[in-house]
Structures are given as structure tokens and as C-alpha cells.
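What follows is each chain in one-letter form.
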Amino acid sequence: MARDLAIDLGTANTLVYMKGKGIVLNEPSVIAVNRQSGEVLATGHDAWDMIGRTPSYIVAVRPLRGGAITDFDITERMIRLLLQRVGVSRFTRPKVVICVPSAITEVERRAVTDATRRAGASDAQLIEQPMAAAIGANLPIDEPVGNMVIDIGGGTTETAVISLGGVVALEAIRVGSFDIDAAIQNYVRREHGVAIGERTAEEIKIQIGSAEPGPQDRSADIRGRDLVTGLPKTVRLTAEEVRFAIDEPVAAMVLSVKRCLAKAPPELAQDFLARGMYLVGGGGMLRGLAARIERETEVPVKMSPQPLEAVVLGAGHCIENYQALRGMFMGTRR
Amino acid sequence: MIAMSFFTGLFAFIAIVSGATLLIMIYFDNRNVRIDDGIANFRRHIDALSPEARQSSVHRNNSEDRRN
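Top line first, the protein sequences correspond to chains A and B.
At position 41 of the first sequence the residue is numbered 271 (my numbering), and the sequence of numbers has no breaks.
At position 68 of the second sequence the residue is numbered 70 (my numbering), and the sequence of numbers has no breaks.
By construction, these hints were calculated from the structure, which means they are not laboratory data.
Among the clues, some could well be false.
Derived DEER-like restraints, expressed as beta-carbon distance ranges [to be verified]:
hint : chain 1 : residue 1 : chain 2 : residue 2 : range
1    : B       : 31        : A       : 496       : 34 to 42 Å
2    : A       : 265       : B       : 39        : 51 to 59 Å
3    : A       : 295       : B       : 58        : 48 to 56 Å
4    : A       : 553       : B       : 10        : 48 to 56 Å
5    : B       : 39        : A       : 533       : 34 to 42 Å
Over 10 Å on every C-beta distance to chain B, these chain A residues come out as not near it, computed from the model [what the hints assert, rightly or not]:
hint : residue
6    : 267
7    : 420
8    : 547
9    : 551
The C-beta atom is built at its ideal place from N, Cα and C for all residues, glycine as well.
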């Protein structure tokens, strides 16, 4: 008998929760494929190490962009491999709950459920990421009070107001932490004439990236390829430069939070001032982002204790209480 | 003849009224059951989201983390 699963199929990372066991898998959403034979060569951490460093016949790709499937075939193979790795065989077909962005279209929704069913699930249900995040962050969403959750992932930023077990207001944009990496890449190329890869851009973001000035502002030496000579080159980047480079995606994230606040009923607005907003997702870990949202909205922002796992924990709770929480799944609202 | 048709009419009238009353009673009875179902479902849904109910899922993850 298969144990039912909850999957947070994120643009950046994929996490799997197994009923009765907890989180059993957490790795990058990357797959490396042999372009000639179509054979899968690596997934997760192994495939992540290959990004930008493969010979021409190997392609290491992220099959999801902005939370949506860009390559159906590769996503199906990735889900199949994930299920195999957590012990799902041809004869054990579990029920699967998958976390998806709330702004997902009907076509994208069908692509995810079809890919999951074809990969070996007996039933595939979808749950909106901010709803799952609020459950996983242990917010008091069973009470008639406003709970605001901001989920910043690799490809999306979603803000939701939740009260009495349901979504009251929602705002989602397809801007996430990968857009911050891309902004850094573009800036270094434009201002320093040096090409860097997406992994280097991510390292810069983690090392010296910030949304607000702070005491930890530093500089870092980065290595890339000179666009004029084609030779390797080292340039020094300051935290202020990076802040300037990433201002556009960060401003878009803050604006989407403001729009969600404006959509919320006035009765709940006082709850946000008293209880604050909760930040989850890997993108929310950018230094100074909570402070910037707090400064621009004048509402306190708190970081969830488990920002990377909150979404899959919430979906995991739904799989543990499948019958009682069926109404949470997309398309089955009561 | 007139008396017979009077009684037939009376019986028909009583039968129709009784039938209609029965149908109305069944309708309201079913409606009450549906309302109760909605309340019970909503209560189950909210109870499943209570911090106590969620404790086990979150605790399970924390204990797994400690083990790893």
C-alpha cells in the first residue's frame, strides 16, 4: 500500500512530504538529459552541479518557469523519478497533493495533474501555494482573524489574506528570486562588460545581495568572461551596486504586497497591524527584504521559522487530513 | 349520484392535500439535513486546521530534522 504524498513542485526546489513520515526529499528542480538519446542522466543536486557546465549533447534544465510547466515531457519524467526515489512502484499508486501558484491557468493546472497521474499517482489534487504556506507556517487560519502570508518563490510572489480556513484576498505576480538573479546578470554584463552564469548570480545574491542598506554591506570579487576579449576577468561588486541592480524585481514584489493589502476588507486591516504579515519561501530570505516591505507598507513583517518548508508542510497536513480538508483543493471549493 | 361524486371529490381533495403536506414535510426535512451537513463539514474543516491538529505534522518534521 503506497503512502500518500504532498509535493511542492517549485521553480527552484522540489520537496516531497510522505504521509506519516514528514519531509523525505528536498532538492533543486533540475533535470539533466542526454539530448541525443533522450536518456535522463541526473536529477536534483547532481543535475544542479551540471548547470552551465555540460557538453553540447547534455542539457541541464529547470522544467518549470514562473511556477508553470515549460516542458511537459521532462516534468513528467522528473515527477516519475521523484516518486520512484520515495518508494512508489508500478503497483503502489499513491494519492498526491501538489502545491501550485495561485495564478496558474486552467491549461497549466491540467498539465500538472496529467503529468502527475501519468507519473504513477492514483489521484492528483492541487493546492494554492499561499494557502499551503499559511497552514505550514502554523498561522491561526482557523480563527476569524486576518492572516497575511507572503510567499516569495523562485518564479512567483504570492500574497494572500486568509481567514476562517479560506482565501479572502489574493495577489500573485510572476516575479521571483530568479528574476533577481537575472537582474544581477544583466547589470554585470551592462556595467562591467562581463558575462556571468546563473549560479554565479545566485551566489552574489546570497553573499552581498540586499533590499535595504544594512551594517552587513560588503563587496565581493566575481569571476566571469570579458565580453570584449573573451578572457576570464575578475570584477569587484559592492552591496550598493547589487541593491541598485535588483531594485526593479524587488519593487515589483513590494508593490504586489501593497495591492493585496488594498484588496483586503477593512475589518481585517487592523489584524495585520496587530499581528503582522508572515514571509515564507526562499526569496523571502533576501537580506533586508522584510525590512523594506515593513518600511513601505507600515505593517510589521515576520519571517516564518521554516521559510523553505512551510509550503510542503501545509500540503503535507492536507494529505494527513485528506477527507476533512478536501475543500481546500483547487476546483473543489465548497 | 350527487352524494357519491361529492364524497369522491372530498376524498380526492383530502388525498391531494395530504400528499402535498407530506411532500412539503419531506422537502423541509431534507433541507434541514443539508444545512446540518454543511455545518458539520465546515466544523470538520476548521477543526482540521486548528494548531492542535497541525501540531503532529509540524512536530513530525521537526523530529525528522533532529534525527538527520
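Exercise. Which of the listed hints are not met by the structure?
Worked result: 3, 8 and 9
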